[in-house]
Structure formats: structure tokens, C-alpha cells
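> Single-letter residue listing:
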Amino acid sequence: MLLLVQEAAFDIGAETAAFVAGVGAAGAVVTFTGLVRDEGGTLQAMEIEHYPGMTERAIAAIMDQAVARWSVLDALVIHRHGRLRPGEAIMMVATAARHRAEAFAAAEFLMDYLKSRAPFWKKEVGVGGAEWVAAKDADEAALGRW
Amino acid sequence: MLLLVQEAAFDIGAETAAFVAGVGAAGAVVTFTGLVRDEGGTLQAMEIEHYPGMTERAIAAIMDQAVARWSVLDALVIHRHGRLRPGEAIMMVATAARHRAEAFAAAEFLMDYLKSRAPFWKKEVGVGGAEWVAAKDADEAALGRW
Amino acid sequence: MIDVLYFAWVRERIGVPRERIQTDAATVADLVAELSAREERYALAFADLASLRVALDQELSSFDAGLSGVREVAFFPPMTGG
Amino acid sequence: MIDVLYFAWVRERIGVPRERIQTDAATVADLVAELSAREERYALAFADLASLRVALDQELSSFDAGLSGVREVAFFPPMTGG
Chain A
2 MLLLVQEAAF DIGAETAAFV AGVGAAGAVV TFTGLVRDEG GTLQAMEIEH YPGMTERAIA
62 AIMDQAVARW SVLDALVIHR HGRLRPGEAI MMVATAARHR AEAFAAAEFL MDYLKSRAPF
122 WKKEVGVGGA EWVAAKDADE AALGRW
Chain B
2 MLLLVQEAAF DIGAETAAFV AGVGAAGAVV TFTGLVRDEG GTLQAMEIEH YPGMTERAIA
62 AIMDQAVARW SVLDALVIHR HGRLRPGEAI MMVATAARHR AEAFAAAEFL MDYLKSRAPF
122 WKKEVGVGGA EWVAAKDADE AALGRW
Chain C
28 MIDVLYFAWV RERIGVPRER IQTDAATVAD LVAELSAREE RYALAFADLA SLRVALDQEL
88 SSFDAGLSGV REVAFFPPMT GG
Chain D
28 MIDVLYFAWV RERIGVPRER IQTDAATVAD LVAELSAREE RYALAFADLA SLRVALDQEL
88 SSFDAGLSGV REVAFFPPMT GG
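Protein chains in written order, with the numbering used here: chain A, 2 to 147; chain B, 2 to 147; chain C, 28 to 109; chain D, 28 to 109.
Just so you know, the hints here were simulated from the structure itself, not pulled from any lab data.
Even glycine gets a Cβ: it sits at the ideal position worked out from N, Cα and C.
Be careful, since some hints might not be right.
[Stated by the list, open to error] To be clear about the criterion: a stretch of chain B counts as covered by chain D if any three or more of its residues have a C-beta under 8 Å from a C-beta of chain D, and this derived list gives those stretches:
id: 1; segment: 54–66
id: 2; segment: 107–120
id: 3; segment: 123–136
[To be verified] One-sided excerpt, in silico: chain A residues whose CB lies under 10 Å from chain B:
id: 4; residue: MET2
id: 5; residue: ALA9
id: 6; residue: ALA10
id: 7; residue: ALA22
id: 8; residue: ARG38
id: 9; residue: ASP65
id: 10; residue: GLN66
id: 11; residue: ALA90
id: 12; residue: MET93
id: 13; residue: ASP113
id: 14; residue: ALA131
id: 15; residue: ALA135
[Unchecked claim] Below, simulated EDC-like cross-link-like pairs (lysine to aspartate or glutamate); rule was C-alpha separation at most 20 Å, straight line:
id: 16; chain 1: A; residue 1: LYS137; chain 2: A; residue 2: ASP75
id: 17; chain 1: A; residue 1: LYS124; chain 2: A; residue 2: ASP39
id: 18; chain 1: A; residue 1: LYS124; chain 2: A; residue 2: ASP75
id: 19; chain 1: B; residue 1: LYS124; chain 2: B; residue 2: ASP138
id: 20; chain 1: A; residue 1: LYS137; chain 2: A; residue 2: GLU50
id: 21; chain 1: B; residue 1: LYS124; chain 2: B; residue 2: GLU40
id: 22; chain 1: B; residue 1: LYS137; chain 2: D; residue 2: GLU99
id: 23; chain 1: B; residue 1: LYS124; chain 2: D; residue 2: GLU39
id: 24; chain 1: A; residue 1: LYS124; chain 2: A; residue 2: ASP138
id: 25; chain 1: A; residue 1: LYS137; chain 2: C; residue 2: ASP75
id: 26; chain 1: A; residue 1: LYS124; chain 2: C; residue 2: ASP91
id: 27; chain 1: A; residue 1: LYS124; chain 2: A; residue 2: GLU141
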């Protein structure tokens with residue numbers, strides 16, 4: 002289990018390779034990577050604010066739940082904060098389990114909870130100004146399926 | 002879109018990094034990697050037989066369906082055949098879409114169809130002999146959800 | 028004395044990321060009412076509680092929760108991680 | 028003349044991965060019956076059609092499908108990819 006909340010960019014290939022190399026008896030690894038979309042060239046940057054301390058606590062609690070519920074053998078969450086440019090990776094999640102159904106479910110669960118329960122706030126800085134990203138009803142509703 | 006059916010091992014980290022680097026306007030990338038489980042040390046090797054020609058046709062058709070159905074911006078399938086040892090990667094799938102729900106759905110759809118509709122057959126070579134892996138009812142049933 | 032933290036547009040409206048506040052408020056709602064009565068910028072930030080979330084000592088909580096023993100209160104809009 | 032391919036345990040039971048067969052069979056089921064009558068190893072391989080799949084010219088098909096114009100028939104157990 003590894004949780005990193007950091008301002009620095011991370012190397013998706015290296016993190017994925019290291020995770021897969023360490024999963025032991027797992028037969029299935031799922032990763033998710035979230036990227037800053039350029040929104041047709043109108044976005045200049047995405048600024049991500051977070052709540053130091055609570056962020057780590059909230060994500061660790063979410064990871065513990067995922068591990069217990071789907072017999073996850075290993076899990077990884079990396080989430081950046083600070084100023085990111087279009088195309089940069091915001092975060093990644095990886096899960097390892099014996100079978101694919103558990104690895105997929107755990108990764109989707111982690112993503113749904115990270116979206117709505119981890120204390121991050123995104124601000125889009127565009128050519129016409131800056132605006133806080135509003136939480137989506139669909140993201141809150143997604144928690145209902147778990 | 003990239004489809005590779007090969008005997009050689011592939012570099013999960015490098016493939017993932019290259020895929021993510023090329024996804025353009027996508028906001029979400031999901032990958033799945035299938036590994037040979039060691040089954041508590043009893044498995045010596047997994048032999049994967051395939052149907053050259055039909056394999057590529059079947060997978061390309063599955064990829065086309067996934068792309069059309071979930072507005073997938075890019076997709077990757079790598080599947081090995083031949084003799085693999087425990088811990089080695091058998092295959093990987095990657096999908097890129099604007100949002101996470103589509104990327105996850107497309108990756109799970111690809112996996113479900115690869116399991117039951119791509120012409121590969123696995124044989125487990127263990128200390129007590131070799132045995133063909135039987136198709137699971139659960140894998141066939143999984144197709145029903147799409 | 029209680030540490031009060033603000034994030035995202037709540038922080039921008041109130042103008043500081045955190046402050047120490049002397050209060051006898053019994054609940055989060057009481058604290059919100061007290062601050063809102065104190066200055067316009069708080070009243071603006073807390074105008075619509077349905078669009079706000081609160082954490083007590085770094086755990087998500089609710090506006091009717093008590094403040095007894097709480098050292099850190101944080102106000103922020105719904106989270107947008109991932 | 029038709030190319031007939033076998034995979035996995037079907038290949039092992041029949042003993043060859045592929046062969047060219049002279050046949051006038053109208054359907055896959057007719058071809059299976061013809062081969063099964065020819066030699067015991069075919070009869071064994073084709074004993075339980077429910078555990079077999081068939082592809083015609085590299086497309087999954089069914090045992091009642093016609094063979095007119097088909098150049099390649101493949102028999103194999105349910106696939107176990109992924």
C-alpha cells in the first residue's frame with residue numbers, strides 16, 4: 002500500500018511498472034490515470050488546492066475500505082496538488098487482486114470516493130479568467146452504487 | 002489504436018507511458034494487466050495457444066465496438082502467446098476517454114470479450130502434469146451485462 | 028480557542044486560509060451564525076450552507092455537530108478530487 | 028477441399044493441428060458426423076459438441092451453419108483469453 006500526496010509530477014510508466022512488479026500472487030492489476038484536459042485549448046492551467054493532513058487521512062481510510070471489501074492485495078494512490086498544465090497527470094490509482102472483477106471494482110470505488118470525499122478542490126484557469134470546478138451531481142450519485 | 006499479438010514479453014511501464022503520452026484530449030486512462038498467478042508455487046508455466054489470423058480479427062472487432070460505444074479516444078491491446086512463467090504479464094488493455102466512467106466501462110468490456118471471444122487457450126503446466134484451463138461460466142455470464 | 032480553516036472559494040470570500048477564533052459556540056451552526064453576524068464577508072461565504080461542507084478535526088461532519096473538544100474546524104465547498 | 032484446424036485439447040485428441048479434407052458435407056454438423064464415422068480419434072474429440080466451438084473462415088459460427096463457399100473450418104474448446 003502506497004499513498005503519495007505531492008506537488009511534483011510523477012512518472013506513470015515507472016509507477017505502474019513498480020506496482021506490477023510488487024504484486025506477488027495477484028493475477029489482475031487495474032490502473033486509472035486522471036489527466037488535465039485542455040478543453041479545446043481554452044484551459045491554461047488547473048490549480049489544485051488540498052487540505053494537508055485530512056487529505057492523507059481521508060484517502061487512507063478509502064484505501065482501507067477498498068482493500069477489505071475486494072480482497073485487494075495491493076493498492077496505490079498518487080494525487081498531485083498545485084498548478085498543473087493541460088495534458089499533465091493529476092493522479093493515479095492502481096489496484097491488484099487475484100481476479101479482474103475485484104481489481105476493477107476496487108479501482109472504480111477508489112475513484113468514486115476520491116472524487117467526492119478526498120479534500121481537493123480544482124480551479125480552472127482559462128483565457129477568460131479562473132473558475133472553481135463545481136462538484137457534479139453525477140459524482141455524488143456514483144457513491145450510491147457501493 | 003494499437004493491437005499486438007506476440008510471443009515476446011512487453012514492458013508494462015513503457016507501454017503505459019507511451020499510451021498516456023498519446024491520448025490527446027482524454028481526461029481518463031484505464032489499464033488492465035493480466036499476470037500468471039503462481040498458484041501457491043504449484044504452477045511451473047502457462048502455455049498459451051492461439052489462432053493466428055482469427056485472433057487479430059476478433060480483437061480488432063471487439064476494439065471497434067468498445068471505441069464506438071463509449072466514445073473511446075484511444076485503445077491498446079497487447080496479448081502474448083507461447084510459454085509464460087509465473088509472475089509474467091500475459092496481456093494488457095488500455096483505454097482513454099474524456100471521463101472515467103467511459104474509460105472504465107470500455108476496459109471492462111474489452112476484458113470480458115477477450116476472455117470469452119478471443120481465440121486463446123491456456124494450459125497450466127504444474128508439478129503434477131499439464132491441464133487445459135476450463136472456461137468459466139462466470140466469464141460467459143459476464144458478457145450478458147453489455 | 029479553535030482553529031478555523033477555509034478552502035477554495037470559501038477561503039477567497041473570507042480572505043484568509045485559517046484563523047484562531049475565540050468562541051463559545053456549542054455547534055458548527057452556532058459558530059457559523061456567530062461569524063456571519065460578525066462581518067459581511069462571513070455572511071457572504073456562509074450564505075448557502077447546502078453548498079458547503081464542514082470537517083471537525085479532519086473528519087467530514089455536519090452543521091448540527093457539537094464543538095466540544097474540537098480543535099480544528101474546516102469549511103469548504105463539495106470536494107472535486109480525482 | 029476444405030482446411031480444417033484444431034486447437035487446444037481438440038488438436039491433442041485428433042493429433043494434428045490442421046489438415047485438408049475432401050468432403051461434400053453441407054453443414055458443420057455433417058462434417059463432424061463424417062469425420063466421427065471415419066476414425067475413433069475424431070469421434071472422441073467431437074463426442075460432446077456442447078463443449079466445442081466452431082469458426083468458419085475465422086468467424087465464430089454454429090454447428091448448423093452451411094459450408095458452402097467456406098475455405099477454413101476451425102474446431103476448439105471455449106476460449107480462455109485475457
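> Hint by hint, say whether it matches the structure.
Evaluation of the provided hints:
1. 54–66: With 4 residues in contact (Cβ-Cβ under 8 Å with chain D), the coverage given for the segment 54–66 of chain B holds.
2. 107–120: holds (count 7)
3. 123–136: holds (count 6)
4. MET2: 18 Å, violated
5. ALA9: Violated: closest Cβ of chain B sits about 17 Å from ALA9/A, beyond 10 Å.
6. ALA10: 12 Å, violated
7. ALA22: 9 Å, holds
8. ARG38: 4 Å, holds
9. ASP65: 22 Å, violated
10. GLN66: It is violated, given that the least Cβ distance between GLN66/A and chain B is near 18 Å, above 10 Å.
11. ALA90: This hint holds: ALA90/A lies near chain B, its Cβ roughly 7 Å from the closest one there, short of 10 Å.
12. MET93: Nearest chain B Cβ about 9 Å off; hint holds.
13. ASP113: 9 Å, holds
14. ALA131: 19 Å, violated
15. ALA135: 15 Å, violated
16. LYS137/A x ASP75/A: 29 Å, violated
17. LYS124/A x ASP39/A: Holds - the C-alpha atoms of ASP39/A and LYS124/A are around 13 Å apart, at most 20 Å.
18. LYS124/A x ASP75/A: The given pair, whose Cα atoms are some 32 Å apart, is violated under the 20 Å limit.
19. LYS124/B x ASP138/B: 18 Å, holds
20. LYS137/A x GLU50/A: Within the cut-off at roughly 18 Å; holds.
21. LYS124/B x GLU40/B: Distance of about 14 Å is within 20 Å: holds.
22. LYS137/B x GLU99/D: 27 Å, violated
23. LYS124/B x GLU39/D: Holds - the C-alpha atoms of GLU39/D and LYS124/B are around 12 Å apart, at most 20 Å.
24. LYS124/A x ASP138/A: The given pair, whose Cα atoms are some 18 Å apart, holds under the 20 Å limit.
25. LYS137/A x ASP75/C: 17 Å, holds
26. LYS124/A x ASP91/C: 29 Å, violated
27. LYS124/A x GLU141/A: 19 Å, holds
Consistency with the previously given hints fails for numbers 4, 5, 6, 9, 10, 14, 15, 16, 18, 22, 26, ordered from lowest to highest.
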